[in-house]
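Let chain U serve as the given structure and place chain G on it in line with the hints.
Protein sequences appear in the order of chains U and G. For the first sequence, the numbering used here begins at 1 and goes up steadily by one. For the second sequence, the numbering used here begins at 83 and goes up steadily by one.
Please keep in mind that the hints were generated in silico from the structure rather than gathered at the bench. None of the values given here were measured: they were computed from a predicted structure. Idealized CB from N, CA, C, for every residue including glycine. Any given hint could turn out to be false.
Computed footprint of chain G on chain U, listed as stretches where at least three residues anywhere in the stretch have a Cβ under 8 Å from a Cβ of chain G [as the list claims (entries may be wrong)]:
| # | segment |
| --- | --- |
| 1 | 1 to 11 |
| 2 | 44 to 50 |
| 3 | 62 to 71 |
Estimated spans, in silico, between C-beta atoms of each pair [claimed, not checked]:
| # | chain 1 | residue 1 | chain 2 | residue 2 | range |
| --- | --- | --- | --- | --- | --- |
| 4 | U | 40 | G | 132 | 13 to 23 Å |
| 5 | G | 432 | U | 20 | 15 to 25 Å |
| 6 | U | 49 | G | 133 | 50 to 60 Å |
| 7 | U | 23 | G | 289 | 34 to 44 Å |
| 8 | G | 289 | U | 5 | 19 to 29 Å |
| 9 | G | 499 | U | 20 | 25 to 35 Å |
Spelled out, the chains give:
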Amino acid sequence: MMLSDLPIHAPAVVTHVDDLHASDTISQRLRDLGFVPGEPVRVVARAPWGGDPLLIQIGSTRFALRRAEAGRVAVDRESVHV
Amino acid sequence: MSEATLRIALVGNPNCGKTALFNQLTGARQKVANYAGVTVERKEGRFTAPSGRKIRLLDLPGAYSFESTSPDERITRDVLMGRYPGESVPDMIVCVADATNLRLHLRFVLEVQRLGRPMVLALNMMDAARRRGIHIDVAELERRLGIPVVQTVAVRRGGANALVELVDKGVPQHTAAPAPSTPSQDMHEEVRALLRAAVTMPHASDKLVDAIDRWTLHPVIGPIILAAVMFLVFQAVYSLGKPLTDAIGNGFDTLNATVGVWLPAGPLRGLICDGVLSGLGTVLGFLPEILVLFLFILLLEESGYLPRAAFLLDRLMVSVGLTGRSFIPLLSSFACAIPGIIGTRSITDPRDRWTTILVAPLMTCSARLPVYALLIGAFVPTIKVWGLFNLQGLTLFALYMLGIVGAMVVGWVCKRLGRDRSEHALLMELPAYRLPQARDIAIGLWERGTIFLRRLTGVILALTVVMWFISTFPSPPAGAVGPAIDYSFAGMLGRTLQHVFEPLGFNWQITLSLIPAFAARETAVATLATVYAVGNNADVGTLGHVLAGHFSLASALSLMVWFAFAPQCMSTLAVIRRETGSWRKVVLSFSYMFIVAYVLAFATYRLAGALL
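Next comes chain U alone, as it looks inside the complex:
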């Protein structure tokens, strides 16, 4: 499942970040910002007018990501340990 499809407030963890093409700087930046395997994430809010961008909480930081950016982040809802 992709982060862009995650229901609001549902806990999940990052499994990997896809590179859409070679030298995908956006994916690189996402990894630098902490979107790495095993990191808990959740969608905190969706913007009005079509739910784009999304507000993502990762660690104690909140990032606004457009759907295309969140669509690069694969997440897993099963392996969340409460």
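Frame of chain U, contents of chain G only:
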């Protein structure tokens, strides 16, 4: 530079408080606010440590990583790697990290450490961390990182003492060996190990921030709050500023009358009364409105609300060829387009950045406020609308909206014309809310107030004197009929240029006032005041009344529309040149604004003439 001077660079993630720390250490007053990317240039300051050691401190733009993508991050990387022209590698790095956001910030600390330079870590915002119950084992962190770690509260007096003490000891000896770049995954693994060993955090996020965000980012209520906030700001500019403006105006009228009695008739009285007092007094009167506007802009910047607004508006801005990231530079353009245009450096994408620079001058800068306020005061009646808002405030709001809508149309046209369809990232951090600090707000207002007064006593005064001179000389020939001003240089110049602006409904006095407005927009007001004061020897009361008697409502509306779009203020064009490095872009900016201003002012004049 003496050998003894220690060169220190402040680096860290965006919005971790580097500039607040810089101000605290050097006593400087660099701008601080609560969003990522306030500092986009390298700033330099000096201070002397207790031992007498001289320290030269560099404040660098925040960066998430050295894999830099935006122009401001590139500056930081180049300075640290010794690639910045004219800047040698700093002797020591102070890496600043927000103690409430260590998961993100420690990763950059590790990346900086990989450079192998002597460094220390400052854990900033320790007060906020304690309030949230975050406990950091500093000794353990120090041991694991192998570098000295100090705690700071940059916004509190004395909050950086520990850091000063540490740097006073000189360059620390233990430094990490330079390592080749490590994959993100490994670096994050290290961060996790550090956090597990040294940090306990009861909650990942601040409960209060969560609660506020539930309302401010709500898909329906969020935009309503945003609209209400913006609307209130412009209403307040009018309703709080206007009474003060009137008081200042009356004060100057009294002063003018008093001075007029004391001075003998002649050129000196003309210069002082008609030139300086009428001209400058009128412009000075608008200082309260400008300060009210800045008060609100500063409050919004400090609170952390602006990135939320950018989040809400991103979709809308993308649809008109901009990005949510354009929001903050564009908002600061309401103060002045120059910091707005410089602020676009935090926009990663070159095309988004250029479009933002192109439309930034359309945001109503504070120099336009005197012109609008004068014309609205003279031509728009004070009526209550729906028993709540006054029509003058609404007109002002409409003029601001005109600039915004204009910017959207221009952005949209650029998007249509552009061939580049590549993807642009948003990736914007939303900071925690923070209570605005009264001291920062006061300093911000003071700075803006002094900038305004310096302009007033500098360029505006000089232009006003020139305008008075050309409106007074040469004197009319003996036996001349008609007002003396008709024979002056100003009269001749205004009448010559009037042919160009006549279709817009501008008389020669207005046309004349547009010339100095190119240097500073407020001077248009001063010029009108001077020209009419020279032209009417009889005592005529306030400038507003004079204007209402000399030209029509249609002309006034047309003039306001002209000011909304006109390519004015040389400084803005100079900054566009500096930031884009291209004269072609300056010419493009100038011409599109001139054409749009001319066409819309013409349309307004004809339409208003037909309807009213």
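Now the hints, each set against the structure:
Only residues whose beta carbon comes within less than 8 Å of a beta carbon in chain G count, and the segment 1 to 11 of chain U has 0; fewer than three means the coverage is violated. Here the segment 44 to 50 of chain U counts 7 residues with a CB under 8 Å from a CB of chain G, which clears the bar of 3, and the coverage holds. Coverage of the segment 62 to 71 of chain U by chain G holds [criterion: at least 3 residues with CB-CB distance below 8 Å; count 7]. Distance hint check: the CB atoms of residue 40 of chain U and residue 132 of chain G are about 45 Å apart, inconsistent with the given range 13 to 23 Å.
For residue 432 of chain G paired with residue 20 of chain U, a C-beta distance near 20 Å keeps the hint of 15 to 25 Å intact. Take residue 49 of chain U and residue 133 of chain G: their Cβ atoms lie about 59 Å apart, and the range 50 to 60 Å holds. Between residue 23 of chain U and residue 289 of chain G, the C-beta spacing of about 40 Å keeps the proposed range 34 to 44 Å intact. The hint said 19 to 29 Å for the Cβ distance between residue 289 of chain G and residue 5 of chain U, and at roughly 27 Å that hint holds.
In this structure the supplied range 25 to 35 Å holds for residue 499 of chain G paired with residue 20 of chain U, their Cβ-Cβ distance being about 26 Å.
This entry does not satisfy hints 1, 4, going by the numbered hints stated previously.
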